[in-house]
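Take the sequence shown: its position 62, counting from 1, is numbered 62 in this note's numbering, and each next residue is one higher.
Everything labelled a hint here was simulated from the structure, so no lab data went into it. Be aware that one or more of the hints could be misleading.
Stated by the list, open to error - Straight line, CA to CA, 25 Å or less: simulated SDA-like cross-link-like pairs of lysine to any residue:
(1) K99 to R27
(2) K64 to Y50
(3) K40 to Y50
(4) K81 to E41
(5) K130 to K174
(6) K130 to P161
(7) K99 to I117
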Amino acid sequence: MRLENKKVIALVEHDFEDLELWYPILRLKEEGATVHLVGKEAKKKYIGKYGVPAESDYAFGDVKAEDYDAILVPGGWAPDKLRRYPEVLEMVRKMDQSKKPIGQICHAGWVLISANILNGVKVTSTPGIKDDMTNGGAEWFDEAVVSDGHIISSRRPPDLPVYMKVFADTLAEK
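Modelling step: build the complete structure from the supplied sequences, incorporating the hints.
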């Protein structure tokens, strides 16, 4: 399995988009990656927009970006909460500085905007936050997946298969 030695952080907060959290986790695990759900509190149950639960493995303060190979930010309404945690923004910045894969889908771009890492980066997102993305310095495209180096972005759940193929391929190359 090509990702068996890879460790990935999947951020979690209430009102995540269920498919945008779980599909990537399951897809990476299928390829052998270790994926840890990381939220404000460890061992807490977070509920997605459609009622699917996810229990965090660790709290933000329990993990160090340097111990992981990539990070995933799900969409839904969770990114509006996640971007308010300084620990999350620092984690994303460290991943960016190390050029480790950062996956963002739908509204997850809000977290990358707040981390101030999108200046000059090519991205996509849900069209609803296109203005936020461009105001954050990004160059926005209406495509299923946009990969600009280590930042891989996607629009919405129907794009998940192509998004996760590109993300897994990028992670495998690191």
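Outcome of the hint check:
1. K99 to R27: holds (22 Å)
2. K64 to Y50: violated (30 Å)
3. K40 to Y50: Holds, at about 20 Å.
4. K81 to E41: Measuring from Cα to Cα gives roughly 13 Å; hence the hint holds.
5. K130 to K174: It is violated: about 29 Å lies between the C-alpha atoms, which goes past 25 Å.
6. K130 to P161: holds (22 Å)
7. K99 to I117: This hinted pair holds, its Cα atoms lying about 11 Å apart.
When the structure is compared with the earlier hints, violations turn up for hints 2, 5 and for no others.
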